[in-house]
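J.: Each protein sequence line maps, in turn, to chains A and B. The first sequence begins at 1 in the UniProt record's numbering and counts up by one. The second sequence begins at 1 in the UniProt record's numbering and counts up by one.
It cannot be assumed that every hint is accurate.
Stated by the list, open to error - Listed next, with one range per pair, are the computed distances between beta-carbon atoms:
1. A:R94 <-> B:T80: 26 to 34 Å
2. B:K193 <-> A:A103: 45 to 53 Å
3. B:L142 <-> A:I52: 54 to 62 Å
4. B:Q152 <-> A:G98: 53 to 61 Å
5. B:R147 <-> A:W169: 24 to 32 Å
6. A:N117 <-> B:S158: 54 to 62 Å
7. B:I150 <-> A:N143: 39 to 47 Å
8. A:R94 <-> B:G29: 27 to 35 Å
What the hints assert, rightly or not - A few chain A residues that face chain B, going by a derived Cβ cut-off under 7 Å, partial list only:
9. A92
10. Q123
11. G124
12. G195
13. I196
14. S230
Keep in mind that the hints were calculated from the coordinates and are not lab data. Where is the CB? At the ideal position from N, CA and C, for every residue including glycine.
Single-letter residue listing:
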Amino acid sequence: MEFFAQQFINGLTLGSIYGLIALGYTMVFGIIGMVNFAHGDVFMLSSFIALIFFLILTTWLGLTSVALVFLVVLILAMVLTALWGWAIERVAYRPLRGSFRLAPLISAIGVSIFLSNFVQVVQGARNKPVPPLVRDVIVLYQNEQYTVTLSYKQAIIMTTTALLLAGFWYLVQRTPFGRAQRACEQDRRMAALLGINVDRTISLTFVLGAALAAVAGTLYLLYYGVVSFSDGFVPGVKAFTAAVLGGIGSLPGAVLGGLIIGLIETFWSAYFSIEYKDVAAFLILIVVLIFKPSGILGRPEVEKV
Amino acid sequence: MSVAGINVLVDETRARMEAAKAPLLSVRGVSAYYGSIRALKNVDVEVNEGEIVALIGANGAGKSTLMMTIFGQPQAREGTITFAGQDITRLPTHEIARLNLAQSPEGRRIFSRMTVRENLQMGAAVNGGKHFAEDLERMCTLFPRLRERIDQRGGTMSGGEQQMLAIARALMSRPRLLMLDEPSLGLAPLVVKQIFSTVRELNRTEGLTVFIVEQNAYHALKLAHRGYVMVTGAVTMSGTGQALLDDPQVKAAYLEGGQH
Chain A
1 MEFFAQQFIN GLTLGSIYGL IALGYTMVFG IIGMVNFAHG DVFMLSSFIA LIFFLILTTW
61 LGLTSVALVF LVVLILAMVL TALWGWAIER VAYRPLRGSF RLAPLISAIG VSIFLSNFVQ
121 VVQGARNKPV PPLVRDVIVL YQNEQYTVTL SYKQAIIMTT TALLLAGFWY LVQRTPFGRA
181 QRACEQDRRM AALLGINVDR TISLTFVLGA ALAAVAGTLY LLYYGVVSFS DGFVPGVKAF
241 TAAVLGGIGS LPGAVLGGLI IGLIETFWSA YFSIEYKDVA AFLILIVVLI FKPSGILGRP
301 EVEKV
Chain B
1 MSVAGINVLV DETRARMEAA KAPLLSVRGV SAYYGSIRAL KNVDVEVNEG EIVALIGANG
61 AGKSTLMMTI FGQPQAREGT ITFAGQDITR LPTHEIARLN LAQSPEGRRI FSRMTVRENL
121 QMGAAVNGGK HFAEDLERMC TLFPRLRERI DQRGGTMSGG EQQMLAIARA LMSRPRLLML
181 DEPSLGLAPL VVKQIFSTVR ELNRTEGLTV FIVEQNAYHA LKLAHRGYVM VTGAVTMSGT
241 GQALLDDPQV KAAYLEGGQH
């Protein structure tokens with residue numbers, strides 16, 4: 001039971017990171033119906049940006065306040081990654097809007113390959129470690145054989161995910177920008193007829209998606225303490241899976257999907273075999289999609305009235 | 001005040017007076033294309049302040065294309081379109097929409113996964129939600145069905161209710177010119193009557209200018225002060241609503257066996 005509880009906490013943490021990345025997939029898919037395959041690499045890139053600023057702040061500037069370092073790194077990573085997101089949309093996707101459906105998808109794969117190679121060239125192929133920033137743990141339960149702990153890192157990751165999900169849900173459901181976004185999602189031409197700048201709304205969606213990826217990237221670095229140029233692919237695919245599992249287009253669905261994938265993966269590694277954890281995660285995806293093709297919280301495709 | 005300042009004032013006043021004399025919407029020599037297909041051929045249409053103008057024609061004549069061309073989708077390749085004295089031929093769609101003209105487009109195009117209230121909020125987006133509560137109240141008085149359905153999703157409503165919502169959404173921006181594309185399409189005669197009488201009422205009491213596109217020629221010409229007839233992308237006839245109703249050619253082509 002103690003082992004189970006500990007694995008549950010670990011799974012939720014991993015799932016939170018997947019969920020944050022999945023939010024970016026789901027928002028972009030929602031608004032332009034495109035799977036942004038470069039999103040995983042944007043996440044990896046943001047991790048490197050966080051790493052660089054982390055080293056600058058701690059080694060060169062000698063900052064010691066953990067909270068301050070974390071906050072500054074997070075904000076800088078978000079801003080710079082958002083700029084990347086904006087530029088990618090501008091250069092690789094916008095010129096292809098209105099072209100055939102597969103064109104932006106192929107372009108996205110191109111961007112993905114470009115980003116991972118770019119980082120490999122400028123940062124090298126080896127894993128880049130950072131010294132652990134937060135070490136403290138909260139002991140939740142203890143007996144002679146086993147201790148159940150929740151580390152501060154884990155608490156930070158889960159809280160951040162919960163807050164961001166709530167914040168973005170509010171943004172999409174209750175603010176004029178969110179309404180404009182949903183309007184573009186349903187009928188771009190009509191949105192333009194009502195004075196909505198569709199291109200700007202789409203740009204902003206990419207910017208927000210990239211900023212979320214940056215939060216995930218920073219938390220990932222904080223949690224694992226190491227990042228490499230190839231770290232975009234697997235978490236990217238898992239997060240995409242999470243978005244589909246939860247129902248692509250749905251924000252709570254993305255986080256729910258992320259948590260489920262994170263939990264399955266963790267439990268499978270803990271109880272069965274770590275080599276087959278990905279097989280388990282994707283198997284569940286297949287099963288869910290057979291019985292519920294629109295995902296857990298996705299809306300079934302309704303015909304136009 | 002300096003002489004230059006007064007001159008500017010005089011110029012502005014003159015421009016405003018000319019704008020008042022000039023038609024509110026003027027389409028001059030406009031041609032538009034879908035790819036290489038010429039969908040509009042040298043079209044001239046004018047709508048004066050306070051008028052109801054109807055554009056009638058058969059299915060596929062290019063009526064909706066003209067509506068969308070005025071909004072820049074597609075942009076006119078030849079000719080000019082001016083609204084309230086401003087050349088809007090090359091403006092992007094969303095900027096045209098911010099100029100006090102609003103459209104209830106073909107097929108209504110309400111946001112079916114948004115509530116009625118959210119649809120109306122989208123209509124008010126151009127003025128940033130100022131006087132939203134007041135306008136919402138006005139729409140609910142104009143179309144009482146909307147009040148009953150205010151928190152219901154747009155897609156769950158009947159065709160007539162959706163049409164009312166589409167018109168109300170267009171009115172939320174407080175337009176000077178309301179453009180209606182086939183408001184009667186697929187609706188029961190009683191509902192059509194109701195919608196047309198609301199439009200007439202708005203024109204009479206508030207001086208709202210209306211440009212309406214219809215296949216239902218009889219009702220549209222009855223409603224309108226003036227009308228245009230469009231055939232395969234070109235305007236072939238124009239005149240007062242009554243004159244067109246009495247015209248033997250119009251009668252033969254659009255009214256015989258029609259719905260009256």
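J.: Determine for every hint whether it applies to the structure shown.
T.: Now for the hints, and whether the structure bears them out:
1. A:R94 <-> B:T80: 26 to 34 Å: Because 29 Å falls inside the window, the suggested range holds.
2. B:K193 <-> A:A103: 45 to 53 Å: At 48 Å between Cβs, range holds.
3. B:L142 <-> A:I52: 54 to 62 Å: Between L142 (chain B) and I52 (chain A), where Cβ atoms are some 59 Å apart, the hint holds.
4. B:Q152 <-> A:G98: 53 to 61 Å: 33 Å, violated
5. B:R147 <-> A:W169: 24 to 32 Å: Hint holds: Cβ distance 28 Å, inside 24 to 32 Å.
6. A:N117 <-> B:S158: 54 to 62 Å: For S158 (chain B) against N117 (chain A), whose Cβ atoms are near 56 Å apart, the range 54 to 62 Å holds.
7. B:I150 <-> A:N143: 39 to 47 Å: 58 Å, violated
8. A:R94 <-> B:G29: 27 to 35 Å: 33 Å, holds
9. A92: 22 Å, violated
10. Q123: With Cβ-Cβ at 41 Å, over 7 Å, it is violated.
11. G124: 45 Å, violated
12. G195: Given a least distance of 4 Å, the restraint on G195 (chain A) holds.
13. I196: 6 Å, holds
14. S230: 39 Å, violated
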